[in-house]
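A.B. asks: The lines below spell out each chain.
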Amino acid sequence: MAESVPPTNSLVRLQHEYPGAWVALKDGGVVEARATPYELVAALHDRGISDATIIRVPAESEPELVELG
Amino acid sequence: MAPRGFPWVYPYVEEGRGRSAQFLTRPLLRPVVAVRMKGARLGSQNVAALVDSGADHVLAAPWIAQDIGIDPDPNRETTLGIGGGPRRVRFADVTVHLLPPAVTVTGGGYDPSEIHEWQAEVGFFTQWEPPWSIVLGQVSFLDRFTVTFSRHAQALAVDDVSAFDDRYSQPPASSSHPPERFSA
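Residue numbers (the numbering used here), protein chains in the order written: chain A, 13 to 81; chain B, 153 to 336.
Derived from the structure by calculation, the hints contain no laboratory data.
Built from N, CA and C at the ideal position, the CB exists for glycine as well.
It is possible that some hints are incorrect.
Said to hold, decoys possible - Label-pair ranges, simulated between beta-carbon atoms:
1) 269/B <-> 72/A: 35 to 43 Å
2) 158/B <-> 40/A: 23 to 31 Å
3) 73/A <-> 321/B: 45 to 53 Å
4) 318/B <-> 61/A: 36 to 44 Å
5) 181/B <-> 29/A: 16 to 24 Å
6) 156/B <-> 61/A: 21 to 29 Å
7) 171/B <-> 59/A: 18 to 26 Å
8) 302/B <-> 24/A: 38 to 46 Å
9) 290/B <-> 71/A: 25 to 33 Å
As the list claims (entries may be wrong) - Chain B regions said to be covered by chain A (calculated; three or more residues, Cβ under 8 Å):
10) 188–202
11) 213–220
12) 277–287
So that you can see chain A by itself, here it is in the shape it has in the complex (with noise of 0.2 Å):
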C-alpha cells in the first residue's frame, strides 16, 4: 500500500485518494489505511510498524475546522 505523497507536509493529494480514512504516514508515504483509528493501530501491531504518524485525512465534502478549542 505505499504510496507516495509530496515531500512538503501536505494532505492535499491524501484528501483526493483517501478521504476521511484514518492514514499511517511514514517515509513519504501511506503504509496503512483504515476507517477507524483502533483498525489502523491494530494493523501496524499485526505488520510491526511503529514509528507511523497517524492522521485523519479530511474529505473535501467536510467544512473547514475553526475555533477548535
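Given the coordinates of chain A, assemble chain B onto it according to the supplied hints.
C.D. replies: For chain B alone, coordinates are given in the frame of chain A:
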C-alpha cells in the same frame, strides 16, 4: 544523549480546502507537530497534533487513551464547547513526547533520544472525529515552551520557555507589575 537544542522549527501542514470553499485560493495551512503520548505504556505510533493557542487544554481523542493503556478519571469529567457543540472530556495525567522537526507528519520515525518530554494534564474526549487527534493548547503545552507562529514563514517555532522573557524584557503595557509566571 540529550535532544537537539531549541528552537525547533516545523513547517505548516497544508490541508485542501473543502468543496464549498474553492473560491478561497490561498492555501489552508495548519500549525502541526508530531507527538507521542505515554500512559501505562508508550503510544504505539506518532500522532499529528494541532497547536491551538485558543484552546486552554491539551485534548486528545479516545483511541489514544486506549492505545496508551489509561482509563481517564470519571471524577475529572467536564463538558467543553468545541467544534460547535458540547463535548464531554475526562482528564488524566500522562507523559507527552514532542518529536523533532525531522519527524514530519508524512515522514514518520521515532528516536527516544531526540524528544522533549513533559508531564501533562490531558482531557480525553469520549467521542471525537476531527482530523487532529491531539490539540495542544495553553495549559500543559504553551506554558511549557515559547511557541512562535508565522503565517509569513509558513512555520511555527518551539523554543525554551524562557525565550519569551529573553526577547521581551518589559512587562505588558497594561500591567503595573510583571505577571506571575506559572511553574513549568
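A.B. asks: Mind listing which of the numbered hints don't hold for this structure, in increasing order?
C.D. replies: 7, 8
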